[in-house]
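Going down the list, the sequences are from chains H and Z.
Heads up: the first sequence is residues 1 to 502, going by full-length UniProt numbering.
Heads up: the second sequence is residues 1 to 445, going by full-length UniProt numbering.
Since the hints were made in silico from the structure, they are not lab data.
Note that CB positions come from ideal geometry on N, CA and C, so glycine has one too.
Among these hints, one or two may not hold up.
Simulated coverage check for chain H against chain Z, where a stretch passes if three residues somewhere in it have a Cβ under 8 Å from a Cβ of chain Z [what the hints assert, rightly or not]:
1. 21-28
2. 42-55
3. 167-176
4. 428-442
5. 476-486
From the structure, some residues in chain H lie toward chain Z, with a derived Cβ separation under 10 Å [unchecked claim]:
6. M66
7. L164
8. D411
9. A412
10. H465
Now for the letters of each chain:
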Amino acid sequence: MQAADTVAEPLFTGPEWTFELLETARDAIEDIALNDLGLDVYPNQIEIISAEQMLDAYSCVGLPLMYQHWSFGKHFARDETLYRTGRQGLAYEIVINSNPCISYNMEENTMAMQTLVMAHAAFGHNHFFKNNYLFQQWTDAAGIHDYLAFAKNYIAACEERYGLTAVEEILDAAHALQSQGVFRYGRPPKPTSEELAAMQKVREGYESGQSVLDLWTDATMGQDKLEEIRDEPFSARRKLMNLPQENLLYFLEKHSPVLEPWQCEILRIVRMLAQYLYPQKQTKVMNEGCATFVHYYIINKLFEQGRLTEGAYMEMMHSHTNVVLQPEYDDPRYSGMNPYALGFAMMQDIRRICEAPTDEDREWFPDFAGDPDWRRVMRDAWANYRDESFIQQFLSPHLIRKFKLFTLADDADQSHLLVSQIHNRQGYRSVRRDLAHSYDLAYLEPDIQVTDANLKGDRELKLTHTVRDGIHLSEENKDEVLKHLRRLWGYDVSLEAVDAGT
Amino acid sequence: MHHFIDRRANPKGKSLGNRQRFLKRARESIKERVDKSVKEKSIKDGGGVPAEGEKVTIPTRGLKEPRFHHSSKGGRRRHVLPGNKEFIVGDTLKRPQGGAGEGGKQASEDGEGADEFSFTLTRDEYLEILFDGLELPDLVEKATVETETIGTRRAGLTTAGTPNNLNLVRTMRNSLGRRIALQRPSVRSIAELKEQIAELEALTERTEAQDKILEELLHRMEVLERKRRVVGYIDPLDLRYDTHVPEKIRNSRAVVFCLMDVSGSMQEREKDLAKRFFMLLHLFLARSYEHTELVFVRHTHHAQEVDEETFFYARETGGTIVSTALDKMKEIIDERYPPDEWNIYGAQASDGENFGNDSARCKALLLEDLLPVCQYYAYVEIVDENAEMLLSNPEAGEDLWQNYRQVKAQASHFEMQRVSQPAHIYPIFREFFLPKAKGAQNAGG
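The shape of chain Z in the complex, shown without the other chains (with noise of 0.2 Å):
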């Protein structure tokens, strides 16, 4: 007795289980890679995961699996090698270090002699790790408004509908069961048959015997005819229509704007800061929305919406005036963006310099224009390396940081940060996006 299984098709994934639980006890461990893995990304490379997952390598604390041996130093031991070629009995060797022959073999085996551990995280995985606690604001309460639009879904065939609803190809299948279970006579055969009849009548003196076949063929027609006008091509028992039934269609849409100052004073490393947020908060965005919109503007003196790649790697010169970026989003948001469809996020990135008081019409366009219909924005200054006073004090700053301060006491969807270093970017990103209190909810303005 024997068989053959094809398990192929049974489910994979039957160690997800334990996947599961070797992930969520080496959490910690991960979590610290990751974050160091997002740092040191370059965004060159298309800034996000990739698809195939992220290796990382972690160190085996927690992870050991400890268990009694023997030591493989001291004691007496004789081991048994092949392969000897000139020696004979007396001969001695110099000890190697590490102990004779198998002596780590054991320990290693297990993963346990390594002090790092090397797997692979699907890019889920990485993306859940790295978003681990964060929340997208108010993400709750827009999901109660959120746009739903009714669509439609084909729920099965139904024996009665409109003309424009018929399934030919299941109604045609009914009809040729039927015709050849009821055997309804061909087109073929009848036309023999007439053929046969015509040429009996076609002439001129017919026998007795001629006479009395012609009789037959012509009931034979007779009933033939009958059966077919019995037995219909297509009878109403073999329509099928198609159905529909309606469909709420939820859309969870957002679309980024991401806010540039891309005069001299960004240098290389002020924009590498920048795009490290960027790249973050769309990895972020894109994880909870089915669909993310990327909106570019960057400005210098005057703003424009640009493609990625002019975002990031173009460089202009001349004034800056940080107004007419948030003129730019407010533009687009009216024309492609309508508030009650998408969620919108603001994300601002600037040395902090601006032209004369620009700075209190920034305010102004935030409270009354921008901030009321958007789910959440961020302000992000970066600052020189060595401007620990700015950073460690935020009453400090110029005059764009002193008006967002003010935008920041009346809405509690704005947030600001200031960073030196590509370090500083995962925290703030995260402090940014950590739960906030209840209650302390949308725009004062």
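The shape of chain H in the complex, shown without the other chains (with noise of 0.2 Å):
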């Protein structure tokens, strides 16, 4: 591509960043953002750290502020071991789900990948948090910073008073049990009234400065609702307990015998972290393609105007490629899909199928093929899908041809693998469920759930794993996540294994 002749001088000219120099990078993208592409953002908090606190930042998901735990402590050694001795670099950048959005950039880079950041996080990630469906039902983006908070002085002040141990321990259960603390379809249930009240004192108490750990102690969280279910039979147990029950946390927080309130509150604090953090699961490939097409578009269109440098261009586009690939199943690189490369080319191809559609494109996407506004179609796609119904809707043919991709069937009952589908006409729609299925944390994920807890009889915890395509728990481990759940709960707990077909 070359440069158009404008009279347009250069943003930067030198690898070295200033402050200076990021804003008028800044105003330039944002300029773009708003007006070319249409982009709705928060306000942006760009931060400059440290390699260091890049590490750091790391070590706790990507969180501000984070309650002090040693399995953050055990991924901070080995991540800064791998960065010392130069076997893992580090990111670019770090985006935060907030309002205001945080992103972090790195001292390190060069004037050209601090711009290529901002567009990437401060402008496409960004927008994704703040239009995505799932972020914006699930995730309090003006409240995290808050509860961060909260949840942080709430762990050191048990830590205090119960000592780091007992908090490690309850800590460490919860952890175990994380994946399986969160609410994958419906809303959970409203919090009582006793529980609003308890949450308003906690509030009050910050403000007039009281020890925060007292009010909890004193609230009523859900203890006197044990003495109602004691007694009733399997029906009214279910019903009182909302039995089944996906979310193991939240029973667990709501029903379990032994545990103090406090206890429950790190329950509490464990589960809206994991629900908090659900969605960026879901949403990998899409984040990741919208974020990356935005940056794309962003220094192609910087380019055209004459406000990149050649220099700047060409290393922007080095780092930009790097990201995108994706090697073949059979490069020694390959570790599977990369959310960069699929999510990127999906969006292009969206631009492409509006842009010039071919008599396939229009067969297969009546709804937008030829669309003049590409813009508008893929703000629509970004708001309203996640990773598995965006590959099952825009995933076309055109794409699957240029990926090569196939599906291999693995039955354990047969000796070998089958190539069971190709990138051909018979094999598109399947190969396109295939991808969207493998997407499907509700099904990557174990489906375990609560089924009964007899609390007059002997107070067993009936678990059921619903076992889908013959595929069981991995033993490894289990017996370990099993310990902790049962410590959380006091009495026995059994985990049953039911094929989905019955």
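Got two chains here, separate frames each, mind docking them using the hints?
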């Protein structure tokens, strides 16, 4: 591509960045993001941090504030060693789903990289967080900072009062059940009026500087319900305890006969954070696809306007190309589908289908093939889908051919793997369905639910694992998780496997 | 709305608390590895711990974060892969070992897949774990009589003081500010005025107008000069003096005497064991004192003070008279290390061979001259690799050992042990420095 003959000066010329240059570049990016692409973003708070601080942020699942736990220290120790010995680079950026939208840029980046990173994170990811329905419905971008601060202080206060070991025991157990600590389908039951009152007390406690802990221990967090449940028959129990219940942490928090109120609150904290992060797990392809598409569009636009030097443009393109590389299945570098590659390719493809549709595209995508406003089509896609449904709706035969996708069927009863579909006319729909399926977390993560807990009888907690396609739980670690579960429940726990077909 | 925030000046180490929790949890495993690494460490590398820290690899047991996962084997699955080249529907492939495609990926994402976990301990963390539970004998007692000197520390500026404490920069800065504020006439403006006056006065005949100007100029001159007198170049108000406050400076210093027999019977193996012992002692003391010195004394039938290199790597031949080394140590203490200023430690390594009845003299030297001024004295006897009998029976031994046993009976800050292989060093070192029961304090002699 050739730079247009415009009078525009390059935004910057050297590799060194300054706050003035960042400001100038950001303004130029914002102009394109808002006025050309029509993005809608939270206010940006861009923070420049050192490599050391990036490592800190890494180890705490990228959140700006986090309670303390040894596993974050473990990840820090490992990441730090890998980084110092040069075996692992650091991410160029971290971005947080919050309002204002916080993104971290590393001081080591060149000015060209800072520009790329701002376009990618501060506008691409930011727009996605603000507009995708999952984030809108399930996360509270404005409240997350306060909640994290509360969680950190609360757990620190618990450590002081009950000791590090007692808190660690609960956190370890809660972390083991993190993936089973989210509501996948329905919203959680509304808090009871007692709970709302207790939460209100906490807030007031903060303001008046009283001990948060005292208020919580005095609170009536669902402890009274136990008595009612005790003498109920099975069907009534199930109704009272919302059974079957997929959110194990929620169930334990509400019904464990042995947990103290402060322990329940810790479970709640772990559960809330798991739920907050859950939409990110569900939209990896889309989120990265959106951010990568946005940065790619913006840097090309800036280059066309003559506001990037050739050198800066080349540096950005080099980095972009690395990010969207998709090694083929027989390449030693292959480690599954690269969400950046797939996401970016799909975004580019949507634009292509709008601008230059083929007959095939018109047949497959009658709703938007040839739509003159590709920006709107794409914004709608970003807003209303998650990875699974997005691929199911938007993956085109064109892309299936481009990636040369094929489905390998692995049936344990057969001695060999079978190539069941390839990138041909007969295979498109199946390949697309199979790929979409592989992004469905409800399918990827084990489906384990509480089915009964007879508080009158032996108090055994009965869990059911619904086995689909004959895939059982891995034996490794299973007993460890069950031990943690037993600790939280206080009595026996059984886990039964039931085939989905029966 | 947007803003940039420079967070680089923020404290890093946000994960310090997490790291401490992690180390605490992994402590037993880490300790095992640290102990092992000391045993294996070659002293030729400088003997210590690298400044950038020590890499340790520990088993993940106790560090696992278990989760429910799907098994990677069994069942019916479909994997979508990119890059088909020649497959057509119906082709079959051999099942790869360990599950197809992404099978094992999820498990190892957390470091769970690997059996070992590698990371780097900082030097401080390493030493802390290395010396965990050890304490310096009599450290507390000595600390109370720790030498203290009175020093001074700068404590800002005052408006009164002695001329030798005058802070010229601050004083001149104040003076300049005041002169500007009060518009003190400059030397140049006065000089110009003088010139004009002189010019007019030099005229033999002045017009009336010129007389008037002169008069005016003289008046202005007078005003300026008065102002210069009132607004001084330096006013007492400008003066600033440095102040100093007296401060007690604690000197915690230690000297470690390393005494070693280097006669022919001390081979590489024996010296290597001794080295490990001295190395640990030095690392340990360096951690407790701001300043530690090492004195190396080697002996055959005569003793000499040498540098570290010579101490460990040169070899002498000749007879063995152990007391020469003790004499030398006493001499050096008298010359350079007054016991009221220094914490003195003795460490002696030998194979236990000594000349004639010299061992009795060693006993006397220790009890009368050295132990009263030493914080601690440790004797390590290096015996044959297969000297099971000596290792298991502390009562057996040659003349030197027997005499030292008598010393030990009289002085609780004297310790002795036997070693025959590197693995023994660290345990006995720990034993030397484990907290002793209170009351069993200093020498009886």
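So, going through the hints one by one against the coordinates:
Under the rule that three or more residues need a Cβ within less than 8 Å of chain Z, the assignment of the segment 21-28 of chain H holds, with 3 such residues. Under the rule that three or more residues need a Cβ within less than 8 Å of chain Z, the assignment of the segment 42-55 of chain H holds, with 11 such residues. Counting residues of the segment 167-176 of chain H whose CB falls under 8 Å from any CB of chain Z gives 4; the rule of at least 3 is met. Counting residues of the segment 428-442 of chain H whose C-beta sits closer than 8 Å to any C-beta of chain Z gives 5, which meets the bar of three, so the coverage hint holds.
Residue count for the segment 476-486 of chain H with a Cβ under 8 Å from a Cβ of chain Z: 6. That meets the three needed, and the coverage hint holds. Residue-level restraint check for M66 (chain H) holds (minimum Cβ-Cβ distance to chain Z is 8 Å; threshold 10 Å). Taking 10 Å as the C-beta cut-off, the interface hint given for L164 (chain H) holds, the closest approach to chain Z being about 7 Å. With 10 Å as the threshold, the beta carbon of D411 (chain H) comes within range of chain Z, its nearest partner Cβ sitting at about 5 Å, so the hint holds.
Because the beta carbon of A412 (chain H) sits about 4 Å from the nearest beta carbon in chain Z, less than 10 Å, this interface hint is met. With a least beta-carbon distance of about 8 Å to chain Z, the hint placing H465 (chain H) at the interface is held under the 10 Å criterion.
Violated hints for the displayed structure: none, as all numbered hints are satisfied.
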